[in-house]
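S.K.: These are the residues of each chain, in order.
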Amino acid sequence: MRQEPIDEPVAVRADFRGGAVTPIAFRLRGREHRVVRVNARWVDRVPRHPHFYFSVTAESGDVYQLQLQSADLVWWLDSVTLEG
Amino acid sequence: MATAPARTGTPPPGPCAEPIILHVDIDAFFASVEQRREPRLRGRPVIVGTGVIASCSYEARRFGLRAGMTLPEAKRLCPQAVVLEGHAHVYRCFAEKVFAHCRDMAPAVETYLDEAYCDLTGTERLHGDLLEAARRLKRAILESTGLTVTCGLGPNRMLAKLVGKAVKPDGLARVTAAEAEAFLRDLPVEQVLGVGHARAKTLRSMNVRTAGELRVLPAGTLERLFGSPGLLLHERCRGRDTAVVSEREVPFSISRETSFHRDTTQRREIEGMLDYLAGRACRTARELGIRPRTVAVRLRYADGESAERARSLPQPSDADPVVLALALDTLARLFTRRVALHQVGLTLSNFVRAGAEQGALFEEREAGRRAALYRAFDSVRDSFGHGVIISGRALHLKGRLAEDEHGFVLRTPSLTK
Numbered sequence: 045m046r047q048e049p050i051d052e053p054v055a056v057r058a059d060f061r062g063g064a065v066t067p068i069a070f071r072l073r074g075r076e077h078r079v080v081r082v083n084a085r086w087v088d089r090v091p092r093h094p095h096f097y098f099s100v101t102a103e104s105g106d107v108y109q110l111q112l113q114s115a116d117l118v119w120w121l122d123s124v125t126l127e128g
Numbered sequence: 326m327a328t329a330p331a332r333t334g335t336p337p338p339g340p341c342a343e344p345i346i347l348h349v350d351i352d353a354f355f356a357s358v359e360q361r362r363e364p365r366l367r368g369r370p371v372i373v374g375t376g377v378i379a380s381c382s383y384e385a386r387r388f389g390l391r392a393g394m395t396l397p398e399a400k401r402l403c404p405q406a407v408v409l410e411g412h413a414h415v416y417r418c419f420a421e422k423v424f425a426h427c428r429d430m431a432p433a434v435e436t437y438l439d440e441a442y443c444d445l446t447g448t449e450r451l452h453g454d455l456l457e458a459a460r461r462l463k464r465a466i467l468e469s470t471g472l473t474v475t476c477g478l479g480p481n482r483m484l485a486k487l488v489g490k491a492v493k494p495d496g497l498a499r500v501t502a503a504e505a506e507a508f509l510r511d512l513p514v515e516q517v518l519g520v521g522h523a524r525a526k527t528l529r530s531m532n533v534r535t536a537g538e539l540r541v542l543p544a545g546t547l548e549r550l551f552g553s554p555g556l557l558l559h560e561r562c563r564g565r566d567t568a569v570v571s572e573r574e575v576p577f578s579i580s581r582e583t584s585f586h587r588d589t590t591q592r593r594e595i596e597g598m599l600d601y602l603a604g605r606a607c608r609t610a611r612e613l614g615i616r617p618r619t620v621a622v623r624l625r626y627a628d629g630e631s632a633e634r635a636r637s638l639p640q641p642s643d644a645d646p647v648v649l650a651l652a653l654d655t656l657a658r659l660f661t662r663r664v665a666l667h668q669v670g671l672t673l674s675n676f677v678r679a680g681a682e683q684g685a686l687f688e689e690r691e692a693g694r695r696a697a698l699y700r701a702f703d704s705v706r707d708s709f710g711h712g713v714i715i716s717g718r719a720l721h722l723k724g725r726l727a728e729d730e731h732g733f734v735l736r737t738p739s740l741t742k
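If you're matching them up, the sequences are chains A and B in order. The numbering used here puts the first residue of the first sequence at 45, with every later residue one more than the last. The numbering used here puts the first residue of the second sequence at 326, with every later residue one more than the last.
Bound-form chain A, shown alone:
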């Protein structure tokens, strides 16, 4: 199992209800990937403005790491984890 860095800004559809943010889908290289499950979420509060991280499983079954930088509300696609 290995993690491949992507490290690209990405357009994300997200739900902000209930005081928590939950990614619903993201668009990578022109293709929309629907999030079927949020596996884990964590917050890095060391930077002045916190970074919100999400491990999500897309419809394809691949696991991606998304990041929301609260300073400018920009989403990043950090990596994808591949089997093997």
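No lab work stands behind these hints: they were computed from the structure. Check before you lean on any hint, since a few could be wrong.
[Said to hold, decoys possible] If we take Cβ atoms under 7 Å as the criterion, some of the chain A residues that face chain B in the derived model are:
id : residue
1  : 45
2  : 84
3  : 86
4  : 92
5  : 99
[Stated by the list, open to error] Derived list of chain B stretches under chain A, where covered just means 3 residues or more per stretch with a C-beta under 8 Å from a C-beta of chain A:
id : stretch
6  : 362-369
7  : 406-415
8  : 419-432
Only a predicted model underlies this, so the values are computations on that prediction, with no experimental measurement involved. Just so it is clear, CB atoms sit at the ideal spot from N, CA and C, and this is done for glycine as well.
With chain A fixed as given, assemble chain B onto it according to the hints.
M.R.: Positioned in the frame of chain A, the structure of chain B alone reads:
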């Protein structure tokens, strides 16, 4: 989830209320975080570590794997194990979330890498039954992080930790002062706080194998064997531990170490890494408002030999060049073998609060200018990441190591303790 017999009824809290400590331990911490982040790892043996196991999942432990075991040995015992190098900053985020729940519950919380001691003395009127409160804490942690923790309640730190250890993972247990002697009687002597490998060996040579057997030895005998720590052992094997829970605002040490991607003898690479590690450690010290008196450099050679040396600064300092100069000088004295290095590390310790130390009068202006410069550096790094400012020898790492928003991606990053 197992529970030890709990006291019935809630005693009225008062100035003489029995101390109650809750020990919270995150089960197989690093490996569990990796299993949360990657669902395909759940139910599989997972190892986190390079060179040796830093953490392994309970699935891996069924094959006899333990923290500290070398990876070749681990792969021999469990060839199907998934080995991961680990993500230190992710673990720190998860730990902080767990500790935030502990702080919601207890007025004083002492935290370590993957465990916390919470002083619940006198909080029964607030929480009601403390065993039930601990159960609520476990539930809250599971819901917000997906991690299981084991909780132990006891009249002191040692007993709280030991009773939790008996019901890991995902356990909850309580031992009272009245139950302490019976609880400890059959525990292996190594589990008594203060009995390490060397003392256990001495005690076993005397046919002392359990805490109950240790009780037979008079205090004077233990003092003659181990010096003043022997008197502590005399108390602890009876379930008595007077250490208090204290919010450690000042850490014992700040360590930054990593193994190289490839074992190396290149001075420029080693010094560059030491420069970078010193910069990271000093930045953490400045964030905490503390200055180290002692700087230690630790090396691990490719053949497994280790070398470490600690030296003192003339004045406590959190300035990168001051710490680095001593670290480089120590490295020059320490790195004497003609063997490639596998790992290099730097530890700052023996801290004083910034501003509390006495400096030379004429150095203060220079120190003030330097402090302002590093405040500016830290501010830029807070906004744009540590790697945005790289100086001196660490420039040698540029292009050789991958970078992320935290700086260079180290192979085996370590954490502040």
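S.K.: Provide an ascending list of the numbers of those earlier hints which the structure does not satisfy.
M.R.: none
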